[in-house]
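There are 2 protein chains.
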Amino acid sequence: MKINISETSNPHHGAYTRLHPVVASGRELEHEDPEAVIIGGMVLDIHATPSVHANPGTTTPGKVFYMQGGVARNVAECMSKLGAKPYMISALGFDMAGNLLLEQWKTTGLSKEGILKNKDIETPVVCNIFDVNGEVAAGVASVEALEKYLTPDWILRFKSTLLSAPVLMVDANLSGPSLEASCRMAADAGCPIWFEPVSVTKSRRISTIAKYVTFASPNEDELIAMANALSGSGEFHPLKENHKKDNLSTESLFQILKPAVLVLLEKGIKVVLVTLGSSGVFLCSKGGPSCFKIPVAKTNRNNFSGQLYNAVMHNCPPNCYSGFSEHDRSNRVFAVHLPSLPASVVRLTGAGDCLVGGTLSSICAGLDIMQSVSVGIAVAKAAVEVESNVPSAFSLAVIADDAKSVFCHAKVLFHQSML
Amino acid sequence: MKINISETSNPHHGAYTRLHPVVASGRELEHEDPEAVIIGGMVLDIHATPSVHANPGTTTPGKVFYMQGGVARNVAECMSKLGAKPYMISALGFDMAGNLLLEQWKTTGLSKEGILKNKDIETPVVCNIFDVNGEVAAGVASVEALEKYLTPDWILRFKSTLLSAPVLMVDANLSGPSLEASCRMAADAGCPIWFEPVSVTKSRRISTIAKYVTFASPNEDELIAMANALSGSGEFHPLKENHKKDNLSTESLFQILKPAVLVLLEKGIKVVLVTLGSSGVFLCSKGGPSCFKIPVAKTNRNNFSGQLYNAVMHNCPPNCYSGFSEHDRSNRVFAVHLPSLPASVVRLTGAGDCLVGGTLSSICAGLDIMQSVSVGIAVAKAAVEVESNVPSAFSLAVIADDAKSVFCHAKVLFHQSML
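Chains as they are written, first to last, in UniProt numbering: chain A, 1 to 419; chain B, 1 to 419.
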């Protein structure tokens, strides 16, 4: 999943990130507080970019970058850099990619007990060759080890960890049976579930688990695929090229996507966060604005999490949307648009995962969903301004200021009966 | 450089490699005998192959392989598995690719003193995505670190090592100044030089060093590029598609390539080995057949090298070509065609480098050039039958038998005055 943040030149960008002291590092924290559980892919991303125009069929001079990736891994790394210590459940081999991912994982300070290591695993790798315009010219994904080795058996070993978790995130790299086992385990533990669709193809795996899911974070194409999978129809169609979201008003875009959003809400998903790249996000839920209140039972506000909580509570006071009627909430849908932030884009990869990581960290710190998504968008902006999927560190002051800017420009789009 | 060996189904292949005891491993040998010096690239090859037909512009499910590559590294590894202990001079970074290459290098038992390690080096990587037919769909080569860090200064540190070397191999990944420094150093030490052209573009670097070079091993396209570079003209043209070598008799192909070969010989290269893939090789030299006699002053016949020497001397008796007149040898050119061997092809990469490695190992053991190239072709055949660039081990019996088959089918093509 990607979020595109509009490219706006920011001449002060270099100085601006350096001037603020870096206050967050997962390594510095040691505690036994409730922490999120993240189940899904740890993937090595190999990105090759030619320096000159490539002739198809030949090897062109250029640069090759290795990046730690995988949706679940990116979310967990992002959360660790925002002061959380999520518990990762994944699978790696002992090959070059697995060794690199595991070495780098150690620097996050997060537990590696949930990461299955097995010599037979071909560590998941995605190898993409870009063209000079930054588009994928050719790409190969070797990620089937996740489906083969990240089994219900392995996942169910960590049931006790889930009992104290404020939230479980699963990415759709898991097989259908593993997604179901994870969701049933979380439901038994009374733990809310965040579903990250990964890709259009894998997003369809929502079909058997929607009733368990509290949050889902599709982009617009994944939203359409999920609505088709859940309704068992092919009635929803991707946005046409001549209809692309950049040419539409926010309201028109929402009108186009609303029927698909309603399918997800009707099938039991409590909160749908539709990511729209440079157009921001739609945050949609059944019920009135109170459905965006603090959604988790267990919160954790030590060190950076506590500082983030205080800064955001100051910058983005809750209850802004308290004027709406809460009457008959079960039959109502509520939707808000939150804008993206101007950014000096270096690379778009990882931004969607940082949006999820920032939002989840804030939810775990006890912020409400509007506040949390505002933080998520601020964190995603920081991600597009660096080469790696997740920035090496975040500045609390910058995140809090950016979150405020998003929060203040949020706009209620829709508040009416679903009937 | 590639050699294609014709694909012939060999149902016994699996059993056939397993039945012969593996007698060679560089690790088992310890000695202080004269050894070849190899200067050039150590490269990580990343090969990604989709499992299904790929749509351009998207990521497709498939497999990603990491292979130790680089022409010079492949040649050195191949020689180590044939009992030689070549001295490698190269440059690596401390990144993922550099760590992998260095770890694997340790398993060869070869010295790593000549390998410059520097944290600023982006270890050379070639990333290729293939299509379902095995052709390169897109590829990026990031190898400029070799030109930047493998400097004359670094190379000249190893002058004393070269004094006892039977032969120096350089690959054309080196910059022009580094190639010249290497060649002058070898010439001062009285050491013959083997030039491996690497690619059509890099093969042109022959232009300033031809007078120093004893052996060169171009494929037909590299031969044309080298002839154009050396003659300062563009008069030589690559084989046309409708003229491709598969449709030509060996004699016709030689007649087409002969003028380019003559340019290389006239400019001072003593032996030109033109590799023709499944069509075998042309071995060309000025002078009569005696120019193929033992070409190096220092030989090394311990352990596997000695066994290889004895087996090949038995299977491929020298002096087969002694009937020719040695009269007026300085103005004559002598050319022999050596055929390829049927093989069960798994992957063609590395075969050309193993041809060079096999030939150089044999030369260092004291075999003559006809015998050595026969061994080289046998070693190249073993290389195409495995996934990696260099097989994990060679069977002496198989190599000796295959070399005999090549040697017995060699055919003199051309023996006439160059005037």
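Hints are computed from structural coordinates only; laboratory data are not their basis.
Some clues are possibly wrong.
All copies of an identical chain are treated as equivalent in the list; a pair is satisfied when it fits inside any one copy or across any two copies.
[Said to hold, decoys possible] Heads up, simulated DSS-like pairs for lysine-lysine below, C-alpha to C-alpha not over 25 Å straight-line: (1) K63 x K202; (2) K63 x K148; (3) K117 x K63; (4) K63 x K270; (5) K119 x K63; (6) K240 x K119; (7) K202 x K117; (8) K119 x K106; (9) K258 x K159; (10) K117 x K267.
Of the numbered hints stated previously, which ones are contradicted by the structure, given in increasing order? 4, 6, 9 and 10
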